[in-house]
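Start counting the sequence shown at 3; every next residue gets the next number (my numbering).
Please keep in mind that the hints were generated in silico from the structure rather than gathered at the bench.
One should not assume that every hint holds.
Below, simulated DSS-like cross-link-like pairs (lysine-lysine); rule was C-alpha separation at most 30 angstroms, straight line [as the list claims (entries may be wrong)]:
1) Lys-285 / Lys-224
2) Lys-166 / Lys-285
3) Lys-114 / Lys-150
Derived Cβ-Cβ restraints for the label pairs, each shown as a range [said to hold, decoys possible]:
4) Arg-203 / Ser-245: 16 to 26 angstroms
5) Ala-46 / Pro-277: 38 to 48 angstroms
6) Asp-283 / Ala-163: 32 to 42 angstroms
7) Ser-293 / Gly-236: 17 to 27 angstroms
8) Arg-282 / Pro-45: 46 to 56 angstroms
9) Ser-245 / Thr-287: 16 to 26 angstroms
10) Gln-116 / Leu-276: 52 to 62 angstroms
11) Asp-206 / Ala-163: 37 to 47 angstroms
Ideal placement from N, C-alpha and C gives every residue a C-beta, glycine not left out.
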Amino acid sequence: MTAAVTMRPVWRRAAAMLVALPALAPAADQHPHADVPYIPTPPAVVDAMLELAGVGPRDYVIDLGSGDGRIVIAAARQRGARGFGVEIDSELVQAARRAAQHEGVARQVEFKVQDLFGTDLGQATVVAMYLYPRLMIQLRPRLFAELKPGSRVVSHDFDMAGWKPDARVTVPVPGKPYGPPSSDAYLWIVPANVAGTWTWRAADGVDYELTLLQTFQMVEGKAVIGGRPGRVEGGRMRGDEISLMLTAEVGGRALSHEMRGRVAGDAISGKVRLPGGGERDWKATRVKRGSIKISDE
3 MTAAVTMRPV
13 WRRAAAMLVA
23 LPALAPAADQ
33 HPHADVPYIP
43 TPPAVVDAML
53 ELAGVGPRDY
63 VIDLGSGDGR
73 IVIAAARQRG
83 ARGFGVEIDS
93 ELVQAARRAA
103 QHEGVARQVE
113 FKVQDLFGTD
123 LGQATVVAMY
133 LYPRLMIQLR
143 PRLFAELKPG
153 SRVVSHDFDM
163 AGWKPDARVT
173 VPVPGKPYGP
183 PSSDAYLWIV
193 PANVAGTWTW
203 RAADGVDYEL
213 TLLQTFQMVE
223 GKAVIGGRPG
233 RVEGGRMRGD
243 EISLMLTAEV
253 GGRALSHEMR
263 GRVAGDAISG
273 KVRLPGGGER
283 DWKATRVKRG
293 SIKISDE
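Based on the sequences and whatever the hints tell you, model everything.
In structure tokens, the structure reads:
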């Protein structure tokens with residue numbers, strides 16, 4: 003039952019740089035047939051990853067580099083989820099299958115000897131990883147292309163550089179045989195695409211136009227409100243939910259609207275909190291579509 007760092011031979015150069023760090027590669031955890039050390043995820047970190055992702059009975063968890071299967075098995079046994087683990091080490095896959103039988107979840111989970119880069123992610127609502135950062139960054143475009151907005155990605159100890167996590171927790175691991183006596187768990191929520199130009203007319207007859215730029219889950223842009231320029235600040239996506247501050251200059255005063263909504267394709271519907279108090283409905287239509295920036299450049 004584990005998430006493990008497992009790589010193909012062509013990745014040896016990237017792996018070797020990290021293997022040189024003894025804190026990451028205790029000899030006792032090495033698997034004789036792995037190209038890099040096999041490092042199990044401590045049970046407390048498994049629990050933290052599942053909690054961060056909010057895994058439940060409706061979820062399908064895919065673990066990329068599943069080792070002996072503990073993340074997928076814990077998701078099934080503790081939270082009623084279904085799951086799939088891919089691992090290049092056949093002995094670990096056999097161990098995962100035996101563990102699933104022993105825990106009574108063999109009908110809920112599946113394990114295969116398979117290249118993680120060839121794994122179809124489309125069914126996943128949660129993707130779990132314990133991979134070196136370089137590999138996670140290589141996977142990033144596929145996570146955005148194949149996972150639905152609101153899908154969750156969790157990782158043990160390593161992050162994804164420019165794609166900042168939506169949440170992070172540090173888990174005490176007493177007696178950890180390598181590195182500090184703790185581990186980090188990270189969460190990312192795949193955002194909907196809101197890049198582009200959006201328009202709507204408010205109940206008071208004022209026309210609004212937002213041009214939004216999106217980098218990962220962060221949103222910025224410019225606005226035209228009743229023919230006058232406005233500001234977009236603090237924009238952020240969390241799955242298909244958008245929040246931002248829209249500020250207009252009226253009579254020499256800056257009036258800010260707190261806007262929240264839910265994205266469904268080329269439509270947004272939600273609520274606007276007005277400067278003087280109260281709320282009103284907000285419904286916008288995208289008239290020009292843009293693309294999410296998912297690079298660190």
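Query raised in the report: At the C-beta level, are Arg-282 and Pro-45 separated by a distance inside 46 to 56 angstroms?
Result: The hint (46 to 56 angstroms, Cβ to Cβ) holds, given that Arg-282 and Pro-45 are roughly 49 angstroms apart.
**Report entry** C-beta pair Asp-206, Ala-163: status relative to the range 37 to 47 angstroms that was hinted
**Finding:** Taking Cβ atoms as reference, Asp-206 and Ala-163 lie about 44 angstroms apart, which means the hint holds.
Query raised in the report: Is the hinted range of 17 to 27 angstroms satisfied by the C-beta distance from Ser-293 to Gly-236?
Result: Taking Cβ atoms as reference, Ser-293 and Gly-236 lie about 22 angstroms apart, which means the hint holds.
Query raised in the report: Taking 52 to 62 angstroms as the hint, is the beta-carbon distance of Gln-116 and Leu-276 inside that range?
Result: This hint holds: roughly 53 angstroms between Cβ atoms.
Query raised in the report: Can the restraint linking Lys-114 and Lys-150 be considered satisfied, given a maximum Cα separation of 30 angstroms?
Result: Within the cut-off at roughly 23 angstroms; holds.
Report task. Check the following: the C-beta atoms of Asp-283 and Ala-163 are separated by a distance inside 32 to 42 angstroms. Result -> About 38 angstroms separates the Cβ atoms of Asp-283 and Ala-163, which means 32 to 42 angstroms holds.
Query - Outcome of range test on Cβ distance (Arg-203, Ser-245; 16 to 26 angstroms) - result: holds, 22 angstroms
Report task. Given the range 16 to 26 angstroms, decide if the beta-carbon distance of Ser-245 to Thr-287 lies inside it. Result -> holds, 19 angstroms
Query raised in the report: Regarding the pair Lys-166 and Lys-285, is the alpha-carbon distance no greater than 30 angstroms?
Result: The given pair, whose Cα atoms are some 29 angstroms apart, holds under the 30 angstroms limit.
**Report entry** Hint consistency between Lys-285 and Lys-224 [alpha-carbon to alpha-carbon, up to 30 angstroms]
**Finding:** Holds - the C-alpha atoms of Lys-224 and Lys-285 are around 18 angstroms apart, at most 30 angstroms.
Query raised in the report: At the C-beta level, are Ala-46 and Pro-277 separated by a distance inside 38 to 48 angstroms?
Result: holds, 46 angstroms
The earlier numbered hints are all upheld by this structure, with none contradicted.
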